[in-house]
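Chemist: Chains as they are written, first to last, in the numbering used here: chain Z, 834 to 945; chain V, -5 to 107.
If you are wondering where the hints come from, they were derived from the structure by calculation, not from laboratory data.
Hints are not guaranteed to be accurate.
[Stated by the list, open to error] DSSO-like mimics (lysine-lysine), calculated; alpha carbons at most 30 Å apart, straight line:
1. Z:K875 x V:K12
2. V:K51 x Z:K875
3. Z:K900 x Z:K889
4. V:K63 x Z:K889
5. V:K63 x Z:K875
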Amino acid sequence: QKEVEQNSGPLSVPEGAIASLNCTYSDRGSQSFFWYRQYSGKSPELIMSIYSNGDKEDGRFTAQLNKASQYVSLLIRDSQPSDSATYLCAVNIRQGAQKLVFGQGTRLTINP
Amino acid sequence: EAQVTQNPRYLITVTGKKLTVTCSQNMNHEYMSWYRQDPGLGLRQIYYSMNVEVTDKGDVPEGYKVSRKEKRNFPLILESPSPNQTSLYFCASSLRGQDNEQFFGPGTRLTVL
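From just these sequences and the hints, can you work out the full model?
Modeler: As structure tokens, this is what we get:
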């Protein structure tokens, strides 16, 4: 099992709809979870961080964490064409040497 | 402006010719790291540094060296580059460690012929 897994997509969502991105992780001891957005040819930039079970909202973005299920998701409401990008899930893995592990990313396309 | 800078942005070189990619941050961050990004493999950590003179291996350290003599700089050294090191490289920094937001540099696209 990969330490952090995401569906690579592409995920296609109509403009104005909700985009749902999912991520699972293997280490039950992980405490820190991040969603980064990466436009083609650019560097990753942080969208959300979440550390506790439940939902965290920031504007159109909501991160959801379920540690029991080892699952973290990102919801994007009212999706815009400018949201088209690759979304990277990152988890601070604590088994053995602590390290930040990125998923392979989900490519999201918002269709006008 | 708070930022992470990398140089060069693009580099084409030949096998075996030593090269250094520089990374500098102006945010007084303690933690810095290097990643490589390859299609289908995502971002993988090469080396990281918790503070000056403290460095440690990430997931894919073979063929790379780093140093952290000053807080702001964290150069990546390829002593004898090989074609399998052709990749997109990102330097990142954060305030204290991997529990904090990582700020990424613009990336260096390296091709080793």
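Chemist: For every hint, state whether the structure bears it out.
Modeler: The hints, checked one at a time:
no., hint, verdict
1, Z:K875 x V:K12, "holds, 26 Å"
2, V:K51 x Z:K875, "holds, 25 Å"
3, Z:K900 x Z:K889, "holds, 14 Å"
4, V:K63 x Z:K889, "violated, 39 Å"
5, V:K63 x Z:K875, "holds, 28 Å"
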